[in-house]
Every structure is written in C-alpha cells, then in structure tokens.
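Listed below, chain by chain, are the residues.
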Amino acid sequence: MALKVENEEPLSEKDLVGAIWNSILQLFGEYGASQTNLYLVEFTPKNGYAILRCSHKAVDVIRASVVAITRVNEKPVAIHVMRVSGTLRALRQKLVVESK
Amino acid sequence: MRTFVDLHLRPSINDLGHVEEMVRRSSGLGYRSVGIPLPYSIREEKIRQLRTICENVRINLVTRIDLAPKTSGELLRNLRRFRRKFEIISVTCNSKSVARQAAKDRRVDLLAFSPGFPCRRFFDKAEAELASKAEGALEIDMTSLLFLTGFPRIRILSSLRKEVAVARNFKVPVVISSGATDAGLLRGPYDYAALATLFDLSMPLALRGLSENPFSVVDRNRRKLNSGYVAPGLFVVRDVKHCLGV
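Respectively, the protein sequence lines represent chains E and R.
By this note's numbering, the letter at position 31 of the first sequence is numbered 31, and the numbering carries on one by one without gaps.
By this note's numbering, the letter at position 113 of the second sequence is numbered 1113, and the numbering carries on one by one without gaps.
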C-alpha cells in the first residue's frame, strides 16, 4: 500500500509507525491489530511517500486506520492511500507510471 | 468508471482562496462534483465566482443550502422560499417533529443528524419509511469520525451502524459526504468507503453512497429546476411554436 503523508512539520519513521499502530489499536483493538501483519517497507520524509506491507485480508482495516489519523505529535497530518497492489514490484511500477 | 461526488464541502465562502484550495484538493482526490452549502442571501455574482473557481479545476459545483429549523412550520416556510433557488436542500433535524416533516416532504433531498448529540438522531424505522416514500436520502458526514476520538466516536459509530441497517431495510439511499471545513480533513472516496466499513456499510454500498446516490439526487433536482419540467415524468420536449400544424 502506497501512502502520501501531508504534514506541516517533518515526521520521523518512528512517529508514522506509532501513529498507524495507535489508530489500528483505537479502531480495531489488539485482536484486529494482530491480524494485520503490518510492516513499514519504506518512508521518505522529504516527499512524504511511504510503502506499507500488510496482510491482503487486512487492507480495509489498515486503510480505515490510516485515513483516520488527523494528528501526530499534536501536529495536523493527513494521510492518503495512493495505491494498493498485490506485490511491492507492481506497486512501485504503478507509482512510477503515475509520476510520469 | 465511477464519478465521485462530495456533496458537503464546507469552505469559508467569503475566502475565495480557501474555496479554491479545498476544491483543488477535492479534484486531486478524484471527485468530479462538489456541493458547497451557501447562505440563503447569497448573490448570483458570488455563485458565478464559485462556479468559475470550480470550472478552473474541472469540477462541477452543486449549490446547496443547509437548513436547521427549530419547528416544522419554519421548515415548511424555508422550503417554500428556497426550493427553486438551490440544487440541493439538506435538513439538519434537531427535533423529532422536524425530522418527521423533513422525511415526508419531497422537497427535502438529504436528511442530516447532529453528530455530537446521539439523543438527537431520529433516524428510526418510522423516519426511514417516510424518507423512502419521499425519495429522501440519509447523509453521513465523515469528518465527525475523523475528529472525534474515544467514547464519543464509539457512540457515533454505534448510532451510524443502527441507522445504516435501518436505511438498508427500507431502501433509503445513503449519501456519504466529507463535511470538511479544512483541506486537511479531506480524504479520497476509497478512503471514505474504507472508513464506512466501521459502521458496517459494505465497500460496494459505501462507494455507491459516494457516487451513484449523490449523483442521482443532483441529476433529479437539476431536471426539476429546468424550465421544461412540469411534473414527475412530464417534461416539455418542444414548444408549441415548433410543433407541426400549429
């Protein structure tokens, strides 16, 4: 899943992961969080692009949780899901095509 | 391909820069039409300015008015005054009498309920039955789900789950809108659909609530506001002077 993070102040990788896990825990609890197999593959704070890997059964859970984030460290943040794909390779290809 | 519509974008109308920012963001997120609530005293010139801003980012403006009457009498007076001036009329139901009147009146397009007060959400079976007959739709603003946290969010999710189930049983269309006052609170249509699964609205139904349902409301009203409209199913196709033998 490719994300675009829009924030006024730079965000660290740790902050982003913490915010996503917090949101999942708030909305779906520990049981729901345990089924996501969430992993942050990469994050570029400079342009705000991030790639998450998760279980395909948990895509809607992750999407709802990511979208529900409005603040990180008391600063306003908006996270948009740009693309969802079955493999990292296909995801990167789609992003390259879209950026052209 | 679906055409997504956000019927409730709430920028500050007096700040055209803010309007442009939000409309541009909506366009970037994949919406093709946006509804902006306007004050009842708005001038035609201002509406033209808003239309120009929207056309510049290839987005279609839907004019709308949000009514929040205290009594059903006030609602009827407002409907008489504004029905032909705005494309969409939404009624925020703050009392049961207003909710019932709004649900049975065919001039009301969208029924909205206050997110902050669960006791003021009157969308029950009786309300749904009336709304179903009058072709009204239930509007759900997603911004409340974004800014509420903890117990208030639990309560609103619980209320929405019940309302969506009732709406489904009585075939009342559900319209999902952003209700955003700030560009930071805007999300894409698929993101809203994923959020809607939190109150047991399936992805296909949620996507319909972001595309077909609002689009059909707008389309129906534009046809009604057209000068050729006479009654449901009856339109003036050609003037008498254009008919043969006259």
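Hints listed in this document are in silico derivations from the structure and should not be mistaken for laboratory results.
Please note that a few of the clues may not be correct.
What the hints assert, rightly or not - Cβ-Cβ distance ranges computed for the label pairs, FRET-style:
hint : chain 1 : residue 1 : chain 2 : residue 2 : range
1    : E       : H56       : R       : L1225     : 21 to 29 Å
2    : R       : E1021     : E       : H56       : 30 to 38 Å
3    : E       : R71       : R       : E1055     : 39 to 47 Å
To be verified - Simulated crosslink set (SDA-like; lysine to any residue; CA at most 20 Å straight-line):
hint : chain 1 : residue 1 : chain 2 : residue 2
4    : E       : K4        : R       : K1104
5    : R       : K1104     : R       : G1150
6    : E       : K57       : R       : L1076
7    : E       : K4        : R       : R1025
8    : R       : K1085     : R       : L1207
As the list claims (entries may be wrong) - Derived list of chain E stretches under chain R, where covered just means 3 residues or more per stretch with a C-beta under 8 Å from a C-beta of chain R:
hint : region
9    : 56-65
10   : 77-84
C-beta: ideal position from N, C-alpha, C; glycine also.
Report the numbers of all earlier hints that the structure fails to satisfy, in ascending order.
1, 3, 4, 5, 6 and 8
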